[in-house]
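Colleague: Each chain, letter by letter, is given below.
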Amino acid sequence: MAGNKTRRADSAATPSGNNGFVKLTVRRSDPTAPAVFDVPGAEPMVVLDVLLAAQQHRDASLAFRFSCRAGRCGTCTVRLNGSAVLACQTPVAVSTELVVEPLGGLPVVKDLVVDMAPFHARWSEIVRLVEPGPVVTASGGTDQTLLDSSRECISCGACYAACPVAASGRAFLGPAALARAAGDYAGPAARAPASVMGSRGFTGCHSVGACSVVCPRDLDPALLIRSLRRGRRGRFT
Amino acid sequence: MMPGTAPQTIATDIAIIGSGAAGLMATIHASDSARDLDITVVSKGAVARSGCSIMTLGFNAAVGPGDSVETHFTDLLRRGEFLNDQQLAWVLASTAPEMIDELGRYGCLFDRTPDGALTVLPFAGQSVNRHIARREQTGLEIMSRLRDQVLRIEPRLLEDVRALDLLRSDSGDVTGVVLLDMRSGKPIILSARVVVMATGGAATIYRVASPAREKTGDGLAMCLRAGAELRDMEMMQFLSVGLAAGPSRISGLLLSEVLRFAGGHLTNVAGHRFMADSAPEAMERASLEQIVRASYTEIVEGRGWQNDGVLLDVSHLGAGVVADRYPELVDRSRLAGHDLTTGPVPVAPTSHFQIGGAVIDADCQSTLPGLLVAGEDAGGVHGAAWNGGNGIAESTVFGARAGERAARLATERPHQDAAAGQIADILERHHAPLTRDQGTVPATIADRLKEAMWQGAGPVRTEAGLRRAADTIDELRDEAAQTMAPALIESNPRWHEALDVGNQIDVAAVVVQSALEREETRGVHFRDDHPDRDDAGWLRYVVARADGNRLELDSRAVALDRLAPGREEAP
Ligand SMILES: Cc1cc2nc3c(=O)[nH]c(=O)nc-3n(C[C@H](O)[C@H](O)[C@H](O)COP(=O)(O)OP(=O)(O)OC[C@H]3O[C@@H](n4cnc5c(N)ncnc54)[C@H](O)[C@@H]3O)c2cc1C
Ligand code: SF4
Ligand code: FES
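Top line first, the protein sequences correspond to chains L and X.
Just so you know, we're using our numbering here: the first sequence kicks off at 10 and counts up by one.
Just so you know, we're using our numbering here: the second sequence kicks off at 145 and counts up by one.
Pulled out of the complex, with its shape left as it was, chain L reads as follows (with noise of 0.2 Å):
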């Protein structure tokens, strides 16, 4: 099962002294709003809970995002100490030190907020080429693995914010939208239009692999890439 990377924020934070309390550092996007927070420190915490008590006691105008607190929604992304995790499945130790940010490569809406346009137009852009399918395959077989990475996508945005080619500008169509693609041409109906072959799409990759270290959920867009450039288009079942 891919399940949810539980990445604890105490292990990239440092001890702030502070005993007791959580000091929360958050990018606004009001420069002059308030941005430091010390937030009292209680068991179990996750990065939800900081910020929540941020926006409940310190200022009521602080703005992120969240939906389903089980690591299923993908809505709360943020980077945290300079990586990407979902804010709800990240447990906070207390008397640590948070900096968190919104996620990069996409528009602020404001604070943590980020416009996932870019990301959602290029999926839509692949969704509409792949026709869907009745797909039938037996649970277990062999590529699993790779079958499960075009899948099990989130949408967190997390990997379009880290490759640095989806970030550059271009209109490459990013590792979540490739590999969703991916997963379907090497599935029964494999016929990938030039578009996705081509220099927005899998030949655009850069294969740095920022993608799958990202990915709060341990899918491998890198890998379903990889394997279609390969020309590696096998039926999973």
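Hints in this document: simulated from the structure, not taken from any laboratory.
Owing to the predicted nature of the structure, the values given are computational and were not obtained by experimental measurement.
Just so it is clear, CB atoms sit at the ideal spot from N, CA and C, and this is done for glycine as well.
It is possible that some hints are incorrect.
From chain L, some residues computed to sit far from chain X (all C-beta separations above 10 Å) [what the hints assert, rightly or not]:
{"hint": "1", "residue": "Lys32"}
{"hint": "2", "residue": "Thr41"}
{"hint": "3", "residue": "Pro43"}
{"hint": "4", "residue": "Val45"}
{"hint": "5", "residue": "Ser70"}
{"hint": "6", "residue": "Ser76"}
{"hint": "7", "residue": "Arg78"}
{"hint": "8", "residue": "Gly83"}
{"hint": "9", "residue": "Asn90"}
{"hint": "10", "residue": "Met125"}
{"hint": "11", "residue": "Val139"}
{"hint": "12", "residue": "Pro141"}
{"hint": "13", "residue": "Arg160"}
{"hint": "14", "residue": "Glu161"}
{"hint": "15", "residue": "Gly213"}
{"hint": "16", "residue": "Leu232"}
On the chain L side, residues computed to face chain X include the following (Cβ under 10 Å) [stated by the list, open to error]:
{"hint": "17", "residue": "Gly29"}
{"hint": "18", "residue": "Ala79"}
{"hint": "19", "residue": "Cys97"}
{"hint": "20", "residue": "Gln98"}
{"hint": "21", "residue": "Glu106"}
{"hint": "22", "residue": "Pro127"}
{"hint": "23", "residue": "Glu140"}
Fit chain X with the ligands to the known structure of chain L by using the hints.
Modeller: Leaving out everything else, chain X with the ligands in the frame of chain L:
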């Protein structure tokens, strides 16, 4: 409305409120019925990534060996203790298998046996295996492929836009809905020939709850304020395995009922396996409602762990076994600071699924012309108790029917004007928190509401307790009329909390009043002062309707057209 600004107006054929399984299925089926329809999907959170459909683990459909539509139907009625609308339950059981095929056509993969047949899993409350799953990602699989399908249709998608209230014509028809773009803070008037309500109920109104944050009863409150009838609102399904994590927002996330059946022990803080007191034979394998009531009693009587939960322990199965079988649950327990592989984890009854909802017919028509309701916002399918797997089945089955019905209605119904003054009233009411320079904090009111519901209208109810909850709700309603949020319209979380809590209060009041009405015990509704099921007096469903500020309650006999208690063989 902010003075001087004319709100944007959009005219659409069909307005679909909610982007869970019900909303997206409605979109797909409306579009399939008539390609040229203008369809607008309004979603308070991310499209297909808000609400609970995405978190589901299994889908019930009678496709397995030895199963049949009749058997699924009979299971629904037994579980629902005959309070179900039998026509709706029949539609669910008979259409669920087609839905699995349809989802397959959209590219959904479900687990299969080596010979290619769908794997059907056992589940408590089912007489035959019929739980269909995609590893542990069923909801994600379904919602991802439904979203892809909707993206191909290209309806107007209004994401991070919330519906505030329904608009009605002078003759009482629903004519559209007033929306609020949560990012820009600007209102939108959406005029529609038909509105489909699919916001997923209000199971968030208890202290510990499993649903996603958007589900604050907005749809039910809107239906109520517009004058629609709601039924079975006293019926709220609790599960026994919500993480008890104190004030952390992860409280209420689910472990799994499966752990009890795998040999898990439930103890109170003194280490006593308390199921020995109420179910000495079955112990932890007792019925869900028995477990929920016993756990609740331990906690409210002060024998819980940190007053918060009872302790669920499977570590005696062996750390390796637990880690192997339940990796995701182990991760979740660790998130809460415990470890399922090595020791007990505190759990509490968690409010999970709103069984009651709008009164609908088999095509999702509510009691208001122009308004269809589908999924968790609708009532009647499940009766007095719900079973896992029937929720996502309901949302897809009835979402699809709502879409088809909406497409037909859209050709018959003209756009109509809302009654004079309504838009201004709605906007003024919803902007009020921004205009106060002092007032109450919405989150505090929400916390008190959830505590009052847990204490007085939870898994064990009495008349006195329900009346106390009703009194608290009245007080909170007054305080909620004085909430304050910073005077800024863009992305203002506190403002939205204020709007949320207003809806939660409206729905909670109906839950409590309906629970007072039903002076018997049936399904999830346990009245400690009326502990027996009373088929002679109460094969009746409670219907609530608001008339201005007054709530009218009424009860109607269930039509026992296919099955009745004692006549339980398949129809
Ligand atoms: C943790 C969890 C696990 C579950 N597991 C299962 C399972 O395994 N099997 C099963 O059958 N059922 C399960 N259920 C129940 C199941 O999730 C529901 O029955 C089903 O998802 C309801 O679908 P829906 O489309 O009605 O609502 P949802 O999927 O909840 O969607 C509601 C939608 O309405 C939107 N919304 C809310 N308010 C507004 C507003 N004011 N304006 C605009 N949009 C709004 C939300 O953003 C969301 O898009 C589970 C529930 C939970 C909480
Ligand atoms: S592939 Fe992983 S990182 Fe990229 S959007 Fe999907 S879940 Fe997020
Ligand atoms: S809130 Fe949904 S993944 Fe974190």
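Colleague: If a hint holds in the structure, say so; if it does not, say that too.
Modeller: Hint by hint, here is what the structure shows:
For Lys32 (chain L), the requirement that its beta carbon stay farther than 10 Å from each beta carbon of chain X is met, with the minimum near 19 Å. A cut-off of 10 Å between C-beta atoms confirms that Thr41 (chain L) is not in contact with chain X; the least separation is 14 Å. No beta-carbon of chain X comes within 10 Å of the beta-carbon of Pro43 (chain L); the shortest separation is about 13 Å. Even its closest Cβ contact with chain X, about 19 Å, leaves Val45 (chain L) beyond 10 Å, as expected for a residue assigned away from the interface.
Consistency note on Ser70 (chain L): stated as away from chain X, yet its beta-carbon is not over 10 Å from all of that chain's, at 5 Å minimum. Against chain X, the non-interface label of Ser76 (chain L) is violated: not every CB pair exceeds 10 Å, the least being about 5 Å. Non-interface status of Arg78 (chain L) relative to chain X is broken: a Cβ of that chain comes within 10 Å, the nearest being about 5 Å off. For Gly83 (chain L), the shortest C-beta to C-beta distance to chain X comes to about 6 Å, within the 10 Å cut-off, and the non-interface label is violated.
The Cβ of Asn90 (chain L) lies farther than 10 Å from every Cβ of chain X, with a closest approach of about 18 Å, so its non-interface assignment holds. The claim that Met125 (chain L) is not at the interface with chain X is violated, since a C-beta of that chain comes within 10 Å of its own (minimum 8 Å). Not every Cβ of chain X is farther than 10 Å from the Cβ of Val139 (chain L); the closest lies at roughly 8 Å, contradicting the non-interface assignment. The claim that Pro141 (chain L) lies off the interface is violated: its Cβ sits roughly 4 Å from the closest Cβ of chain X, which falls inside the 10 Å cut-off.
Taking the minimum C-beta to C-beta distance to chain X, about 7 Å, the non-interface status of Arg160 (chain L) is violated against the 10 Å cut. Separation of Glu161 (chain L) from chain X is inadequate, the least Cβ-Cβ distance of about 6 Å not exceeding the 10 Å criterion. Interface exclusion of Gly213 (chain L) from chain X stands, the closest Cβ pair being 22 Å apart, more than 10 Å. At the 10 Å boundary, the C-beta of Leu232 (chain L) stays outside the reach of chain X, the nearest C-beta of that chain being 19 Å off.
Look at Gly29 (chain L): its Cβ only gets to about 15 Å from chain X, farther than 10 Å, so that hint breaks. A cut of 10 Å between beta carbons decides the hint on Ala79 (chain L): the least distance to chain X is about 6 Å, and the hint holds. Contact between Cys97 (chain L) and chain X, as hinted, is supported at the beta carbon level, the nearest pair being about 7 Å apart and thus within 10 Å. Interface hint at Gln98 (chain L): satisfied, since its Cβ lies 7 Å from the closest Cβ of chain X, which is below the 10 Å cut-off.
Annotation: interface hint on Glu106 (chain L) violated; nearest CB of chain X at approximately 20 Å, more than 10 Å. Interface restraint check for Pro127 (chain L): the shortest CB-CB distance to chain X comes to about 14 Å, outside 10 Å, so the restraint is violated. Interface restraint check: Glu140 (chain L) against chain X, minimum CB-CB distance 9 Å, threshold 10 Å, status holds.
In summary, the numbered hints that this structure violates are 5, 6, 7, 8, 10, 11, 12, 13, 14, 17, 21 and 22.
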